[in-house]
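**Student:** Okay, here's what each chain looks like letter by letter:
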Amino acid sequence: MAGIRKYWIALIFTGLGVVAFAQHDKHPQPQQSSEQHEAPANAENSHDADHSTEAPHVGCGHPIVEKEGEFNAGETAVHHIADANAIHVVGDFYIPLPCFLYAPAQGWTITTTSAFHPHHHGNGAVAKDGYVLVHGSIQRAQDPSFPKGEVPVSEPTHEERTVNGKKKDIYFVMAEGKCYELDKKTTFDGGLMGGGVTSYYDYSITRNVFTMLLTCLLLFFVFRRAANAATRTHGFAPKGLQNFIEPFYTFIRDDVAKPSIGPKYEKYMPYLMSAFFFILGLNLIGQIPFFPGSANVTGNISVTIVLALLTFILMMASTKKYFWEHTLWMPGVPAALKILILTPVEILGLFLKPFTLLLRLFANITAGHIVIMCFVGLIFIFGKAGTSVGGSVAGAAAAIPLSLFMMTLELLVAFLQAFIFTMLSATYIGMALEEPHGDHH
Amino acid sequence: MIFLADFSVIKPEPGLLIWTTIIFGLFWYLMSKFAFKPIGNALKQRELDIQTSLDEAKRAREEMSHLIAQNEILLAQAREERSAILKEAKEAKEEIIADAKERAAAEYKRKVESAIQDIENQKQAALVALKNQSGQMAVEIAEKLLRRELANKPEQEAYAKSLAESINLN
Chain A
2 MAGIRKYWIA LIFTGLGVVA FAQHDKHPQP QQSSEQHEAP ANAENSHDAD HSTEAPHVGC
62 GHPIVEKEGE FNAGETAVHH IADANAIHVV GDFYIPLPCF LYAPAQGWTI TTTSAFHPHH
122 HGNGAVAKDG YVLVHGSIQR AQDPSFPKGE VPVSEPTHEE RTVNGKKKDI YFVMAEGKCY
182 ELDKKTTFDG GLMGGGVTSY YDYSITRNVF TMLLTCLLLF FVFRRAANAA TRTHGFAPKG
242 LQNFIEPFYT FIRDDVAKPS IGPKYEKYMP YLMSAFFFIL GLNLIGQIPF FPGSANVTGN
302 ISVTIVLALL TFILMMASTK KYFWEHTLWM PGVPAALKIL ILTPVEILGL FLKPFTLLLR
362 LFANITAGHI VIMCFVGLIF IFGKAGTSVG GSVAGAAAAI PLSLFMMTLE LLVAFLQAFI
422 FTMLSATYIG MALEEPHGDH H
Chain B
55 MIFLADFSVI KPEPGLLIWT TIIFGLFWYL MSKFAFKPIG NALKQRELDI QTSLDEAKRA
115 REEMSHLIAQ NEILLAQARE ERSAILKEAK EAKEEIIADA KERAAAEYKR KVESAIQDIE
175 NQKQAALVAL KNQSGQMAVE IAEKLLRREL ANKPEQEAYA KSLAESINLN
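Protein chains in written order, with the working numbering: chain A, 2 to 442; chain B, 55 to 224.
Rather than coming from a laboratory, the hints here were simulated on the basis of the structure.
Worth double-checking, as some hints may not be accurate.
Claimed, not checked - Keeping only pairs whose Cα atoms sit at most 25 Å apart, straight-line, the calculated DSS-like set for lysine-lysine is:
id, chain 1, residue 1, chain 2, residue 2
1, B, K98, A, K240
2, A, K240, B, K91
3, B, K91, A, K259
4, B, K155, B, K165
5, A, K265, B, K98
6, B, K98, A, K259
7, A, K240, B, K87
8, B, K98, A, K268
9, B, K87, A, K265
10, B, K91, A, K265
11, A, K268, B, K87
12, A, K259, B, K155
Stated by the list, open to error - Chain B is nowhere near these chain A residues, computed Cβ spacing over 10 Å in every case:
id, residue
13, D93
14, A104
15, P105
16, G108
17, K265
18, F292
19, M317
20, P402
21, V414
22, A433
Unchecked claim - To give an idea of the chain B side of the interface with chain A (calculated C-beta under 7 Å), a few residues:
id, residue
23, S62
24, P68
25, L70
26, A89
27, A96
28, A169
If you're wondering where the values come from, they're calculated on a predicted model, not measured in any experiment.
Don't be surprised by glycine CBs; every beta carbon is placed ideally from N, CA and C.
Let the hints inform the model, and build the full structure from the sequences given.
**Tutor:** Written out as structure tokens, the structure is:
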């Protein structure tokens with residue numbers, strides 16, 4: 002009994018997560034099912050045809066409709082971990098967020114998500130200046146003939162298309178009786194991951210940005226109190242919040258910074274502490290399955306790129322002659338070996354270090370989110386997307402302990418990844434700072 | 055399979071990149087200025103305080119033990135001194151007594167000697183006086199005898215006898 006009582010918080014979280022999930026993936030409305038019957042004939046034709054030569058309005062994609070009793074756990078999980086332009090709270094209720102959109106063809110569009118009238122599945126009922134809300138994310142109609150201002154649009158439809166050997170998921174909407182293809186926002190993956198530079202840039206305060214701001218404010222508030230207490234109670238024994246925060250500081254200082262960086266550790270303490278708590282805070286907030294949590298911030302590569310880049314810059318700024326000597330021209334090794342193998346490998350390693358740093362954090366957190374989503378998804382798979390109550394109960398019986406286990410594990414991972422990132426950052430900085438000592442390799 | 059296409063978290067987005075840089079940059083700056091520096095300084099100060107207190111306590115303890123040892127030494131010294139003083143005093147006493155005795159003996163001797171001298175002197179003076187007086191008396195007696203002889207013989211003899219007696223009495 003006592004053992005179970007300890008995990009009641011985790012149990013409640015799991016339960017609430019299931020509820021939030023269930024609301025989000027509410028069943029398609031009946032009127033959509035009727036649309037479904039009309040579409041196939043059109044869609045099948047367009048499938049066989051060559052899409053690249055076809056005008057976008059000819060085949061207007063397939064309606065995004067889940068068939069009765071069908072549930073795609075993978076798709077749902079991927080959708081949940083993605084960033085969004087609105088925060089889904091419950092049912093059809095979305096918290097609007099500021100949108101700063103820039104399209105080179107038409108300039109800036111500054112608005113909020115509420116301008117798109119988000120409703121079922123995070124799709125907007127209204128388009129504004131060519132921008133349409135699809136599954137909580139803003140997309141843009143590239144066609145300049147798209148009606149200006151605010152116009153009502155249909156539910157988005159989609160189809161798969163192969164562009165440059167990559168499968169792409171293209172969305173379409175109907176506005177004023179015409180079908181328009183939508184562009185996704187610009188991404189800097191150079192087309193490697195199916196993205197690339199498109200007709201517009203999204204600089205909005207997204208769900209991830211909002212969560213980041215919230216987490217930073219929360220952390221700042223907590224730390225400010227601890228810092229005040231630390232300075233005010235000088236000469237007295239520490240107590241309360243101060244006692245909770247200070248061990249973290251001494252841990253990072255004595256077990257991370259000092260052994261890895263050496264005597265110059267003090268200069269790097271603010272960065273290591275900031276990185277540790279930024280990552281830890283976002284990891285933990287992401288674990289909360291309902292508003293204001295659940296955002297997969299540290300599991301987004303954009304965030305980890307910035308953090309790893311900062312570590313890389315700090316590392317490069319700290320480098321000494323000794324470091325470059327050992328990276329570019331390792332003493333005591335034959336020149337041919339150096340030119341052919343060692344130096345290229347060392348230079349590659351220089352860039353691989355931050356790369357593994359960003360990839361490790363991103364992959365761990367994203368994987369954790371996906372696994373939990375998939376376990377919760379068991380309920381819908383067994384329950385045939387809500388049609389079978391018995392199946393749902395069986396699914397829940399399997400999903401709750403599994404999710405509970407994963408969430409506990411993710412709690413560990415949240416701390417572990419924050420620690421590893423900080424530890425490796427400190428190690429890299431320590432490598433750059435290394436001074437020659439007696440032994441030569 | 056739409057998995058890869060929709061897997062947007064692996065695509066770096068300009069918006070999120072910029073916002074993360076701004077937010078983390080601000081977070082880093084503000085936290086280091088208003089939280090980590092004060093906490094770090096307070097911790098360092100506290101560690102220093104604790105170390106100082108410990109050192110001080112250690113030093114005080116050492117000083118205390120040092121003082122105790124010193125006290126011991128002082129006590130031993132005092133004790134030694136006391137016994138030395140006592141010994142000295144005893145010696146002095148004995149010396150004084152011996153001295154006094156000696157001196158007393160000398161004085162006594164001197165006194166006795168001077169007394170003997172005095173007595174001798176007195177005796178000589180007395181003898182001188184006696185001789186003088188007896189001479190005078192003899193002259194007087196002879197005078198008186200001479201005067202009486204002219205009158206009465208028996209009376210003369212008696213008288214001479216009485217004179218002789220009076221001299222004896224003297």
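**Student:** Which of the listed hints are broken here?
**Tutor:** 12, 28
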